[in-house]
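Engineer: Sequence:
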Amino acid sequence: MCVVCGCSDAGAAGGVGHEHGHDHDHDDAHGHGHDHAHEHVHAPAHEHVHVGGNGDLHFGVGAARVSVPGMSQARAIKLETDILGENNRIARRNRLHFEVHGVTALNLVSSPGSGKTTLLCATITALKARAPALPVSVIEGDQQTSVDADRIRETGAPAIQINTGKGCHLDAPMVAEAFDALHDHHHAHAHHGVRSLLFIENVGNLVCPAVWDLGEDAKVAILSVTEGEDKPLKYPAMFRSADLVLLTKIDLLLALPEVRIAAFADALARVNPNPLLLPISARTQAGMEPWLQWLEGLPVPARSLLAQPC
Numbered sequence: 000m001c002v003v004c005g006c007s008d009a010g011a012a013g014g015v016g017h018e019h020g021h022d023h024d025h026d027d028a029h030g031h032g033h034d035h036a037h038e039h040v041h042a043p044a045h046e047h048v049h050v051g052g053n054g055d056l057h058f059g060v061g062a063a064r065v066s067v068p069g070m071s072q073a074r075a076i077k078l079e080t081d082i083l084g085e086n087n088r089i090a091r092r093n094r095l096h097f098e099v100h101g102v103t104a105l106n107l108v109s110s111p112g113s114g115k116t117t118l119l120c121a122t123i124t125a126l127k128a129r130a131p132a133l134p135v136s137v138i139e140g141d142q143q144t145s146v147d148a149d150r151i152r153e154t155g156a157p158a159i160q161i162n163t164g165k166g167c168h169l170d171a172p173m174v175a176e177a178f179d180a181l182h183d184h185h186h187a188h189a190h191h192g193v194r195s196l197l198f199i200e201n202v203g204n205l206v207c208p209a210v211w212d213l214g215e216d217a218k219v220a221i222l223s224v225t226e227g228e229d230k231p232l233k234y235p236a237m238f239r240s241a242d243l244v245l246l247t248k249i250d251l252l253l254a255l256p257e258v259r260i261a262a263f264a265d266a267l268a269r270v271n272p273n274p275l276l277l278p279i280s281a282r283t284q285a286g287m288e289p290w291l292q293w294l295e296g297l298p299v300p301a302r303s304l305l306a307q308p309c
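Residues in the sequence shown are numbered consecutively from 0, following numbering that gives the first Met the number 0.
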């Protein structure tokens, strides 16, 4: 949660504004340089922590589900409510704006290196061949550089890069500005009565993007076979909020005989009561058809989703 990681100004002044241009460091809470061979002080900085049988520490057991040094659970809840409330107000406006323009918006979330951009490029190419009249545009989120947006533009799809600086996720105001920029520069989404697709590729992070509504129609979580089948269990909020999970890089399964798609499906089902898992490979195109059908709004038989070839 961003109250913890500090990518909003909430912890400093209790404000609602979501500024990303502030200057702070996460790696040293001291205001001067020195080594860390000093005596440890065991002060009760966190209000809520549960110690398990093996000495494991659980900081998410309080009412706020997070623990912020020096901040009460009630204060954390108040800050989160204020910050997310303002974001959600703009998200609702985004959603209405998308609807007016006939835009279906998808929020793509994952950890870094899952293959989001590679899959997105392959998807855009496939959609251009399959439905050439369907406008597709992209809002690309990263902390720095326009590398991924440049890759998207090479497919011929318009893309706007959002660099968040120290921010670890996209928020609704950012998306609103980027959508306006797409309108100003490309006009691809502005044709009334014509359905179009907007892919919002979020910053690589499986924590904060789970709770930040951008105004999207659906959240698509992307998980690669190389990340481990326990990812849904480690990051339950993200996978619980996902409308669809794409299991990418399944072409690598031939080199990973110990990895089983069924294990991913089982872990996902433990945190999401209605999971939809599509195994897919951007490199070999395996599993691309169910994904394209899902994008087109066509029903995909659930029983066939785990039987895609590598």
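No lab work stands behind these hints, which were simulated from the structure alone.
Check each hint, because a few of them may be wrong.
[What the hints assert, rightly or not] Okay, derived cross-link-like pairs now, DMTMM-like style, lysine to aspartate or glutamate, Cα gap no bigger than 20 Å in a straight line: (1) 127 <-> 141; (2) 165 <-> 79; (3) 233 <-> 265; (4) 165 <-> 176; (5) 233 <-> 55.
Engineer: Work down the list of hints and note, for each, if the structure agrees.
Structural biologist: Each hint tested on the structure:
no.	hint	verdict
1	127 <-> 141	violated (25 Å)
2	165 <-> 79	holds (19 Å)
3	233 <-> 265	holds (14 Å)
4	165 <-> 176	holds (18 Å)
5	233 <-> 55	holds (15 Å)
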